[in-house]
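Could you put together the complete structure from these sequences and hints?
Going down the list, the sequences are from chains A and B.
For the first sequence, our numbering assigns the number 344 to the initial residue and increments by one for each residue that follows.
For the second sequence, our numbering assigns the number 6 to the initial residue and increments by one for each residue that follows.
Honestly, the hints are just simulated from the structure, not real lab data.
Do not rely on the hints blindly, as some may be mistaken.
[Claimed, not checked] In the BS3-like style, the derived pairs of lysine-lysine whose C-alpha atoms are separated by at most 25 Å in a straight line are:
#: 1; chain 1: A; residue 1: K385; chain 2: B; residue 2: K24
#: 2; chain 1: B; residue 1: K45; chain 2: A; residue 2: K445
#: 3; chain 1: B; residue 1: K58; chain 2: A; residue 2: K385
#: 4; chain 1: A; residue 1: K445; chain 2: B; residue 2: K58
#: 5; chain 1: B; residue 1: K46; chain 2: A; residue 2: K445
#: 6; chain 1: A; residue 1: K385; chain 2: B; residue 2: K45
#: 7; chain 1: A; residue 1: K445; chain 2: B; residue 2: K27
#: 8; chain 1: A; residue 1: K385; chain 2: B; residue 2: K27
If you're wondering where the values come from, they're calculated on a predicted model, not measured in any experiment.
Listed below, chain by chain, are the residues.
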Amino acid sequence: ILNVEQSPQSLHVQEGDSTNFTCSFPSSNFYALHWYRWETAKSPEALFVMTLNGDEKKKGRISATLNTKEGYSYLYIKGSQPEDSATYLCAWPNAGGTSYGKLTFGQGTILTVHP
Amino acid sequence: DTEVTQTPKHLVMGMTNKKSLKCEQHMGHRAMYWYKQKAKKPPELMFVYSYEKLSINESVPSRFSPECPNSSLLNLHLHALQPEDSALYLCASSQVGTGAYEQYFGPGTRLTVT
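Here it is as structure tokens:
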């Protein structure tokens with residue numbers, strides 16, 4: 344049974360604060376790690392798909408790092424804005440990558456940015 | 006066009022009804038997915054279609070019947086559902102591959118079974 348865990352479950356920050364949260368996943372048979380942002384009443388939106396140990400990806404004020412040997416990824420948001428308020432989900436494709444993108448999602452981190 | 010559309014947005018049905026959910030994408034993706042999401046839980050995979058063929062069924066009860074009539078459309082036929090099947094049903098699509106392709110999600114259908 345795959346175990347993808349995210350922490351914290353929820354986070355409240357003030358506008359302008361920088362923040363980060365964690366996704367841990369099984370380190371054996373690593374293939375990729377996905378990050379999605381899910382705003383209320385909208386579709387989940389892919390932020391990053393990370394495949395290489397030590398990888399760092401950036402999209403605007405959001406960045407992510409990956410450590411496949413120890414099985415964790417960090418998502419960072421610099422200078423949080425109210426529009427960053429969303430649930431951030433990480434997801435792990437099935438081991439070996441033979442299952443056509445079968446994703447197991449973590450429970451998510453709910454971020455609320457207060458003006 | 007990177008949009009996945011789902012209809013209807015909301016659906017209320019009785020336990021004896023038959024209804025269908027529809028999903029459509031025009032990104033040329035040949036993998037399509039159905040997920041079920043209950044409140045305060047992450048999405049859970051139900052079915053995966055690859056090249057219009059069912060490749061994964063996550064032991065979903067037969068009262069849920071998926072169909073992929075062509076490469077752009079994905080349906081989920083519902084029959085004799087139970088109240089515990091009430092949830093948000095999400096459709097997604099991606100390139101066919103080995104899990105390293107991002108998935109594009111629709112906004113979901115909110116299903117209530119009475």
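**OP:** Verify the proposed pairing of K58 (chain B) with K385 (chain A), using a straight-line Cα cut of 25 Å.
**Re:** Given that 25 Å is the threshold and the Cα spacing comes to 28 Å, the pair is violated.
Original post:
Taking only the CA atoms, is the gap from K445 (chain A) to K58 (chain B) under or equal to 25 Å?
Top reply: Cα-Cα ~15 Å, so holds.
Original post:
Between K385 (chain A) and K45 (chain B), does the CA-CA distance stay at or below 25 Å?
Top reply: It holds: about 16 Å lies between the C-alpha atoms, which stays within 25 Å.
Original post:
Is the hinted pair K46 (chain B) and K445 (chain A) satisfied, with a Cα-Cα distance of at most 25 Å?
Top reply: Holds, because 17 Å separates the two Cα atoms, which is no more than 25 Å.
Original post:
Between K45 (chain B) and K445 (chain A), does the CA-CA distance stay at or below 25 Å?
Top reply: Given that 25 Å is the threshold and the Cα spacing comes to 21 Å, the pair holds.
Original post:
Keeping to a limit of 25 Å between CA atoms, is the pair of K385 (chain A) and K27 (chain B) held or broken?
Top reply: This hinted pair holds, its Cα atoms lying about 17 Å apart.
Subject >> Given hint K24 (chain B) paired with K385 (chain A) - CA-CA distance at most 25 Å >> reply: Cα-Cα ~23 Å, so holds.
**OP:** Could you grab the alpha-carbon distance between K445 (chain A) and K27 (chain B) and see if it respects the 25 Å cut-off?
**Re:** holds (20 Å)
The structure fails to meet hint 3 from the earlier list, while all remaining hints are met.
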